[in-house]
Each structure stands twice: as C-alpha cells, then as structure tokens.
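K.L.:
With the hints as your guide, set chain E onto chain D.
Going line by line, the protein sequences match chains D and E.
Numbering-wise (numbering that gives the first Met the number 0), the first sequence opens with residue 0 and increments by one.
Numbering-wise (numbering that gives the first Met the number 0), the second sequence opens with residue 0 and increments by one.
Since the hints were derived computationally from the structure, they do not count as laboratory data.
There's no promise every hint is true.
[Claimed, not checked] Among the chain E residues that face chain D by a calculated CB cut under 7 Å, a handful are:
hint, residue
1, Pro5
2, Asp56
3, Gly64
4, Arg65
5, Phe125
6, Gly126
7, Leu179
8, Gly201
9, Gly255
10, Pro370
11, Leu402
[As the list claims (entries may be wrong)] Which bits of chain D does chain E cover? Going by a derived footprint, with three or more residues having C-beta under 8 Å, they are:
hint, region
12, 5–15
13, 71–83
14, 135–146
All C-beta atoms in this analysis are idealised placements derived from N, C-alpha and C, irrespective of residue type, glycine included.
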Amino acid sequence: MKFDRFAKLIAGLSLAFALPWIFLVMVPFITGSNLKALPYPEGQEVDGGVTAYPDKALYQHGSSDYGRQLYAAEGCAYCHTQVIRPTYAGADMWRKGWGGREEDGFARETQARDYLQEEIAPLGYQRIGPDLSNVGHRITDRDLMHRHLSDPTSIDRDSGMPAFLHLYEKSPDGSKLVPNKKAEALVDYLLSLKKDQPLPSKG
Amino acid sequence: MTVPQPTPEEIKERATIDRSTRYPVMFFFTSAAAWLLAATILGFLSSVKLRVPGLWDECQFMGYGRLFPAHLNALVYGWAMQAGIGVMLWLMARLTRTPLRQTVAVLVTGHIWNAAVALAVCTVWFGFGKSIPLLDFPTWVWPILAIAYALTVMWVIPMFRTRREGLPYISEMFVVGAVLWFPWIFVTANILINKGTAPVMGAGLNAWFISNLSYFWMAPVSLAVAYYIIPKISGRPIFSYPLAHASFWLLAFLAGWTGFSRYMGGPFPAWMSAISGSASIFILLAILATVVNLMISLKGCSKLWRYSPSLRFTVFGMLMLAIYAILSAASSTYFFGKNLQFSHFMVGLDTLAFYGFFSMTIFGAIYFIVPRITGSEWPSGGRIRNHFWFSAYGIITLVITMLVGGIAQGGDLAVWDRAFSVSFVNSSAYVVGRATAWALIGYSNLLFLCQLYQMFVGKGRKSEGPTLLHSEPGKAASAKAAAEMS
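Chain D with its partners taken away, still in its complex shape:
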C-alpha cells in the first residue's frame, strides 16, 4: 500500500517531466545532430565557387579553432551575442553590417546551419557590446581588430569594451603593444565570423 502511493507519485512526477524531455529536448536535439550541409541547386551561382551551405572551409581562418576556445574562456558571450533575429523579433537586420556584407546592403537572420562549425553555438547572454555574427565583414583589417581588443576607447570614446591587456606584451622600447599567440588566435576567430552565406534557392 505504501509502496503503491510512492510509486504513483514518482510515476506522476516522471511523466510530468518526460513529456517536455522527449518532445522539447530529445527530438529537437536528434534533429539538430542530423543537420547536414545543403548543396546548391544547379543554376545558383555563389561567389568563390562554393558548392554547399554551409562550407566549413569558409569559417577556417588561421588558428580560429584555438581562438574559439579563448572566446568562450574569456566569457565574451556574456556581453556579445551571435544571433541576428528576424525583423518581427527585433531591429537587428536593419543595423548597418549586422546581418551581412555592409557594402551590398545584404542582410539575413541567422539559421541553425550557420553554427555547424561550432560545438556550442555562442548565441550569448546579453548585448552589452554589439552583435558579432558578421563582425568578420565589418572589420576586415587585422591591426584594427587588434586595436579593438587592446585599446577600444581609441576607436570609440564611449565604448564599453575593456582592454584585454593580458593578451598583449609591451615591445622592448615600450612604445607599442605586441600581440601574443592568444591574441592572434582570438583575432583569427573574430575575422572568421561570417554568418551570411547565401541560402540554397528552393525548387
């Protein structure tokens, strides 16, 4: 009798949790794990002779894999997001350069396949700083990217970005900062951030 009541309670509690666990967690996870790159249909021309979306080679940039770990370890995602919301959910796509190549005026929202080169998509916690989904298009110059990391207020007086001085060493005469291996990797990763590859057209 006692056991019955206990078993019933446990069964009820388990059922309550099992439903969302299966339908909201496991099924989408398995579906997400089976995401494959989509080939472009014939007739759709894409710059650089790329044949599939996403092309992982596009997101490799020097030591960007190590840079990705540093991005996580320094907690960059606590202040920077990497997600562009569609227009019904925010003004992200209208912001200059956020949704894609600035010069073409091209913009699109981010999609699940844009993150296939990551292990955990760094969607981010807050937006203290700007979104970085397409920062590789906005800042193409390596030295400028280093300046963003080592002396951000020299670019924007009102910037809320701290200087990551522990990634830099003073040059022997003390006149300028020399990036160490970590800073180079982080810059490689940031330059590789582009989430605007054209989607395969349907039909």
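P.N.:
Below, chain E without anything else, positioned relative to chain D:
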C-alpha cells in the same frame, strides 16, 4: 480552527529528529552562507567592472566575462543549492518523523559537493570556462557535482517510504519532486551540450536549464518551505488544500516546457519558443494560485509579520516568486520580450530567481531550523532585522534598476540607426544600481554569516523564548514599568 497541540512525547521525539540532523544541516548552512558572501563580493566586483570598463585592465582575473560567471556559479551551486539541500534534509526528517541516520555519509558527500563547487568557480575564473551560464565549468566537473548531489539527497527517498501516516503532505511532494527533477535536467543538459553535435541546441538547452532550475528546483524547494512555515507559525491550516494540490501538478506538468523563449527569434524552429512562452504564461496561473492561497491562509495574522523572522522572510520570498512569474511570463511574449531580450533585464530576472524568491524563502527556513537543531536562540533580533531590510532593499533595487535599465537599453537597440554605444552609455547608470544592490546584499550577508557562525560554535542565546524581530509590546512595556519601579 486551530492546530492540535503536540503531546510531551511528540515534543521529545521531534527534538530527537532535530538533533539527528544537526551536524549535516549546520554544515550545509554555514558553508552555503560562506559561498553566498563570496558570490555577493564577486557580484559587486563584476558590476563595478561593467560600469567602469577600463578598471583592472592589466589583470586577467578581473574581466567581466570571468567575474560574472564565477559569481553565478558560486551563487547557485555554492549558496542556493547547498542551503536548499540542507533545508530539504531537515524538512523531510521532520515531516516523515524519521531521524536522519546517515550523518557521516551526508557529511562526506557534502564535502565533496563543496570541493566540486570550488573547482567549478575556480576553473571558470581562471579561464577554462565555456561561456554558457551556469554550465560553463570544464566537462569533468559536472559528474562530481551530479554524484555528490545524488548521494546527498537520496536519503530523502527511504525517509519518505518509511513514513507512518497516511497521505503525504504537499511539502513532501515538492521535496521529492525537487530530488527527482534536478539530476534529470542537470545530467541531460550537460551530456547533450558537451556532446557538441547540435551546436544551436547547445545554447537552447542552456536557456532551458536555467529556466528549469528556477521552476523545477528552486520553486519546489521554496514552496515546500512556505507550505511548512506559514501554517506552522500562524497556527492555521492552508486555506485550500485541493488548490495547493492542483497548482502543484500544474507546475509539474508545465515547468519542463519553459526556457526556449529566452532565444525567441533565434535560430530555432518557431514552435519551440512559442511553446515555452505559452508554458511560462500558464505557469503564472499555478504560481499566482499558490501565492494567493498562502496569503489567504495568513489572513488576520499581520501582527506575526512584525515579530517572526521566519514568516517575514518566507512571505517576502513568496511575493518575489509571484513577481518573478509575472516578469518571466511577460518577457516571453514578443510584445515585451523583443526589447528585453539580451538586455540588463535578463540579469535582473535571473537574480530575482536566485536571490529574490529562492534565497529569501530559504533564509526564512534557516531562521526557523537552526535554533531547533542547535538548541539555542539567535543572538540578536536587531541583526536579523538588518539582514532582512538590507537584503530586501538590495534585491528590490537590483530588480527595478535592471528592469528600467533593460527597457532603456533595449529601446536604444530597437532604433536601428542609433549608434550602438548610446545603448551602453544610457544604461550604464543603472549598473550603478546593480553594484549598490550587491553592496547592500553583501553587508546583510556578512551579518547573517556572523550570526550563523555564532550558532554553529554554540554561542547562541540560551533562552526559553525565540528571538523575535521586535520584543512584544506587552512584555516590553511591563519590563520598562518594572525597571521604573525599581
């Protein structure tokens, strides 16, 4: 209707049960309070760093991206979960009338838990984190936490099964639920996220974990406390017991669906954030029904609020729970959420869960439990009063400034041609409020830790009556009159 008074035998039995939990529960409470102080200091430092970005730039350990996750880990795993475990053990022993027999085993696993929390906080702080809130310690840390948790709380199950009376009380059901659900969400989230095969789901599961931690662990534990403390102190039964049952099952069946609305508009199928949003709105019904039910049970007992520390903290925690449910339901709709998403508001919301409703209710439980298991009374009512007001002002300041700051920040971001730094500059004043809040909370917890330490080493007040927030007017007046007479 009044509750029947216990017989002398029952009082003696209660004392035996209380004493059996003394060492493990006091161990969990004191180490949790120490972690809480560490967490508030880290919270204060991270808020200062956010307001003054150029501060401590040379030191890699003082970056916001490291201080803030270290703060969150210390707050949740060090303080909240540990204090919650202590409360669960005592509450279960009391309610099932079974002494805790595995004192040594629980003390050992408690030490393992503390070591694992220290590893989690330090690895994140020293730069081995993964930038996913509350799960950002290296992969090898989570199994230690999961095993230590399971080995500590599993003793609740035999207690529940050997209970002598008929139907389980609602608090017991909440405790059993919390025991069962936490390992399930924790292990699922960690295994799937670290597998790394579905990157976007990794981030989504993280949001799901944070929301489930609030609704599937913190809410059940604090409701178990409220359903125990409020009838106990007021001497009245719960207003509607069937309503309590109904809202328990409503919460149980809905909580697991929440969480994905944090990333609404993100790279997920739209139904996922839609279903999470609707679950958060329906949960509001369960939470409001629960809180109203508890408040009606207290009708006519407003005087007790003035004197009883446990009741005051618990009632405040329950009101905060209602506010949390309202804010989290509002922010999961596009109407409010699209500007609040990714803003300071999210920090305010998470802190409201961890400190606002959970910690305040747990303080209520601790003020009730510790005198009973140590056999002495709290040293000073004035210090309890200070603890309450500094904590209450602190958390209210934090939530209001983060809500208003979040609206300001989100509003600036929604204007597409406004320079990005405007949103930083306009909202940074509110970060001062956040730093102030942590300073107030830090002071209140220093008081709390000192008092708890005195109780731990047996320097509490030896007295017949409990320590009240204010001395009762009748007694104070007669004492004054007696002093004047002599």
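K.L.:
Next, verify each hint and record whether it holds.
P.N.:
These are the hints, each one checked on the structure:
With 7 Å as the threshold, the beta carbon of Pro5 of chain E stays out of range of chain D, its nearest partner Cβ sitting at about 24 Å, so the hint is violated. The restraint placing Asp56 of chain E at the interface with chain D holds, with a minimum CB-CB distance near 5 Å, inside the 7 Å limit. Hint on Gly64 of chain E holds. Least Cβ distance to chain D is approximately 2 Å, under the 7 Å limit. A distance limit of 7 Å between C-beta atoms decides the matter here; for Arg65 of chain E the minimum to chain D is near 5 Å, and the interface restraint holds.
Hint on Phe125 of chain E is violated. Least Cβ distance to chain D is approximately 9 Å, over the 7 Å limit. Here the hint on Gly126 of chain E is kept, as its CB sits about 5 Å from the closest CB of chain D, short of 7 Å. Hint on Leu179 of chain E holds. Least Cβ distance to chain D is approximately 5 Å, under the 7 Å limit. Checking Gly201 of chain E against chain D by beta carbon gives a least distance of about 4 Å; that is within 7 Å, so the hint holds.
Interface hint status for Gly255 of chain E: upheld, as the beta-carbon distance to the closest one in chain D is roughly 3 Å, under 7 Å. Against a cut-off of 7 Å between C-beta atoms, the interface hint on Pro370 of chain E is violated, since the closest Cβ of chain D lies about 32 Å away. Hint status for Leu402 of chain E: violated, given a least beta-carbon distance of 14 Å to chain D, over 7 Å. Counting residues of the region 5–15 of chain D whose CB falls under 8 Å from any CB of chain E gives 7; the rule of at least 3 is met.
Check result for the region 71–83 of chain D against chain E: holds, 10 residues qualifying (beta carbon to beta carbon below 8 Å, three or more required). Counting residues of the region 135–146 of chain D whose CB lies closer than 8 Å to any CB of chain E gives 0, which falls below the minimum of 3, so the coverage claim is violated.
Consistency note: the structure conflicts with the earlier hints numbered 1, 5, 10, 11 and 14.
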